[in-house]
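> Residue numbers (the working numbering), protein chains in the order written: chain A, 35 to 223; chain B, 35 to 223; chain C, 35 to 223.
Worth flagging that the hints you see were computed from the coordinates, not collected in a lab. Don't take each hint at face value.
Identical chains share a label here; the pair holds if one copy fits it or two copies do between them.
Below, simulated SDA-like cross-link-like pairs (lysine to any residue); rule was C-alpha separation at most 20 Å, straight line [stated by the list, open to error]:
1. Lys-156 - Gln-55
2. Lys-65 - Gly-197
3. Lys-90 - Glu-219
4. Lys-78 - Glu-215
5. Lys-65 - Glu-179
6. Lys-78 - Glu-219
7. Lys-65 - Thr-96
8. Lys-98 - Tyr-181
9. Lys-78 - Glu-176
10. Lys-91 - Lys-156
11. Lys-91 - Leu-58
12. Lys-90 - Gly-36
13. Lys-65 - Asp-93
14. Lys-91 - Glu-173
15. Lys-78 - Glu-154
16. Lys-98 - Tyr-64
17. Lys-156 - Val-66
18. Lys-156 - Ile-76
19. Lys-91 - Arg-222
20. Lys-91 - Met-35
21. Lys-98 - Gly-36
Small disclaimer: the values here were computed from a predicted structure and weren't measured.
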Amino acid sequence: MGEVNIIIGLSGVGKGTVLEQAMLITDEDYKVINYGDRMVEIAKDQRLVDSRDDLKKLDTETNKQLQKDAAESIFDDAEDNDVIVETHAAIQTPFGYLPGLPKWTLENLEPSKIIMLRAEPKAIYERTLEDDSRDREHEEVEQIEEYQEVAREMASTGAVLTGAYLSVIENPDGHAEQAAEDLIEVLRG
Amino acid sequence: MGEVNIIIGLSGVGKGTVLEQAMLITDEDYKVINYGDRMVEIAKDQRLVDSRDDLKKLDTETNKQLQKDAAESIFDDAEDNDVIVETHAAIQTPFGYLPGLPKWTLENLEPSKIIMLRAEPKAIYERTLEDDSRDREHEEVEQIEEYQEVAREMASTGAVLTGAYLSVIENPDGHAEQAAEDLIEVLRG
Amino acid sequence: MGEVNIIIGLSGVGKGTVLEQAMLITDEDYKVINYGDRMVEIAKDQRLVDSRDDLKKLDTETNKQLQKDAAESIFDDAEDNDVIVETHAAIQTPFGYLPGLPKWTLENLEPSKIIMLRAEPKAIYERTLEDDSRDREHEEVEQIEEYQEVAREMASTGAVLTGAYLSVIENPDGHAEQAAEDLIEVLRG
Chain A
35 MGEVNIIIGL SGVGKGTVLE QAMLITDEDY KVINYGDRMV EIAKDQRLVD
85 SRDDLKKLDT ETNKQLQKDA AESIFDDAED NDVIVETHAA IQTPFGYLPG
135 LPKWTLENLE PSKIIMLRAE PKAIYERTLE DDSRDREHEE VEQIEEYQEV
185 AREMASTGAV LTGAYLSVIE NPDGHAEQAA EDLIEVLRG
Chain B
35 MGEVNIIIGL SGVGKGTVLE QAMLITDEDY KVINYGDRMV EIAKDQRLVD
85 SRDDLKKLDT ETNKQLQKDA AESIFDDAED NDVIVETHAA IQTPFGYLPG
135 LPKWTLENLE PSKIIMLRAE PKAIYERTLE DDSRDREHEE VEQIEEYQEV
185 AREMASTGAV LTGAYLSVIE NPDGHAEQAA EDLIEVLRG
Chain C
35 MGEVNIIIGL SGVGKGTVLE QAMLITDEDY KVINYGDRMV EIAKDQRLVD
85 SRDDLKKLDT ETNKQLQKDA AESIFDDAED NDVIVETHAA IQTPFGYLPG
135 LPKWTLENLE PSKIIMLRAE PKAIYERTLE DDSRDREHEE VEQIEEYQEV
185 AREMASTGAV LTGAYLSVIE NPDGHAEQAA EDLIEVLRG
């Protein structure tokens, strides 16, 4: 039986880059699975949706069942491989932060480690800046800070519910390689 | 079936004012229920207490059952209406922060959203200042900060346990109307 | 039936000193139990290990069962006495923060209070400083800060899962006696 490792982090934190680099330099074999992609695949198989966009239209109970099914399917993948699940602890929406790892997802994934990639809110802001207007910089940096704090709070809850390690890896500007090495170190443990 | 929305926030954060304004300007119909009041009503019906003050004298198990009963009764109210439950994520006492939304309350409420009204600790301090002595200002502002952080941590846990959105709405001095509009926006989602 | 009180705090926060002082000046009788020690005792009784070091070699499921057994055994001790359990909400390891109070431990302990002793990260750093090199001071203070924040997040989750009070007691330099008095006050509640 392999291990399920969950990797989380805000968009703009560099999760994709760090994970890619880590997979290039590690000697171990990990199956990397995007949790959202897996949900879409299963929803299509169950003829619940035609496309990713339709996911939003599912009612709460169907969505919850789908989250469980995706988690179970990933857990099954871990029978033969160590698995890395890419997802979010919290998803920012106009109506608040939606937990990406609710209780039933966590309990079906049975993760060994929850690994959070983090960076300074100011750095995340710079990385995701789309235009050259900086009028709302202060406010937006504060919102990124809040978002990242809530994500860690939800990840801490996930660790208590499952007994998983909660690991926080810093990814400061220009140090993705170091972050990748830290990630490999944590995965190895 | 309507939705259960929970609104939380420290005393002094302006929850009452913002909620009142929001109810005046929204087109939707919400049943607003104070969780503590509902507990007292049910405790009186069950002849457990004569007054609110007696609640403190109940033993742990009776109190827990009462919390569940109140949550179920509110959930039933949501059959025909969208409901807004006013309560606290954490209650400051001389013996520590008591969770206002423990696991069994959350599980029986099945909330769609947990909405936290927040303000800067310094502003909350000013709003609740009772005398003109400011000797302990720094210390008290720090305690309000800690209290508000713990409340959000407990609310984050509640979101993970139930899958509810966690929404944080700022209520800075003199902007209650904006906060009320933000609240309506979130409730609508 | 007595009460189970859990006391947590990072190493260097002064938990031992404060607890010892509190036990000297209180009129009440508490049975103080170290959770790690109890786990070792039970593991030895069950012939799972010969020494504390062997604990690390146990597989996840055996370790989880041992955590439950230790929690139940402590809960039994609370039948005749008020109990104080010394432990950690989070344990720092090279692979991340391991929850010291996972869901199953909490549910079997049924604590009345979770009491966190805290100090400023800078003070904890000074107290645990082992050599006179301060090259990494800033970084290490930041890591202590993160560690202490994660510990409180996990403790907040524990309060929501069990309904226990979460109490945070400050232990600034040179004020262990005040912290001991605060602790007695909280335990009395």
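> My question is about Lys-65 and Glu-179: at a cut-off of 20 Å on alpha-carbon distance, are they close within one copy, between copies, both, or neither?
Result: close neither inside a copy nor across copies, 31 Å intra and 34 Å inter.
> Cα distance capped at 20 Å. Does Lys-91 pair with Arg-222 within a copy, between copies, both, or neither?
Classified as between; 16 Å across copies, 40 Å inside a copy.
> Is it within, between, both or neither when you check Lys-156 against Gln-55 at 20 Å Cα-Cα?
Classified as neither: same-chain Cα gap 23 Å, cross-chain 35 Å, threshold 20 Å.
> Could you place Lys-91 and Leu-58 in one of the four classes (within, between, both, neither) given a Cα distance threshold of 20 Å?
Intra 38 Å, inter 30 Å, cutoff 20 Å: neither.
> With 20 Å as the alpha-carbon cut-off, assign the pair Lys-91 and Lys-156 to within, between, both or neither.
neither (34 Å within a copy, 42 Å between copies)
> How do Lys-65 and Asp-93 come out at 20 Å by Cα distance, when the copy is not named: within, between, both, or neither?
So Lys-65 and Asp-93 fail the 20 Å test inside a copy (31 Å) and across (23 Å) alike.
> For Lys-98 and Tyr-64, with the copy left unspecified, which applies at a CA distance of at most 20 Å: within, between, both, or neither?
neither (27 Å within a copy, 26 Å between copies)
> Given identical chains, is Lys-78 near Glu-219, meaning Cα to Cα at most 20 Å, within a copy, between copies, both, or neither?
neither (36 Å within a copy, 32 Å between copies)
> Between the shortest in-copy and the shortest cross-copy C-alpha distance, which are at most 20 Å for Lys-156 and Ile-76: within, between, both, or neither?
Intra 37 Å, inter 49 Å, cutoff 20 Å: neither.
> If the cutoff is 20 Å on CA atoms, where do Lys-78 and Glu-154 land: within, between, both or neither? Let me know, please.
Neither: 38 Å inside a chain and 46 Å across chains, both beyond 20 Å.
> Quick one: Lys-90 to Gly-36, C-alpha cut-off 20 Å, is that within a copy, between copies, both, or neither?
Between. Shortest inter-copy distance 19 Å satisfies the 20 Å Cα cut-off; intra-copy 32 Å does not.
> When no copy is specified for Lys-91 and Met-35, does a C-alpha distance of 20 Å or less occur within a copy, between copies, both, or neither?
Intra 36 Å, inter 17 Å, cutoff 20 Å: inter-copy only.
The structure fails to meet hints 1, 2, 4, 5, 6, 7, 8, 9, 10, 11, 13, 14, 15, 16, 17 and 18 from the earlier list, while all remaining hints are met.
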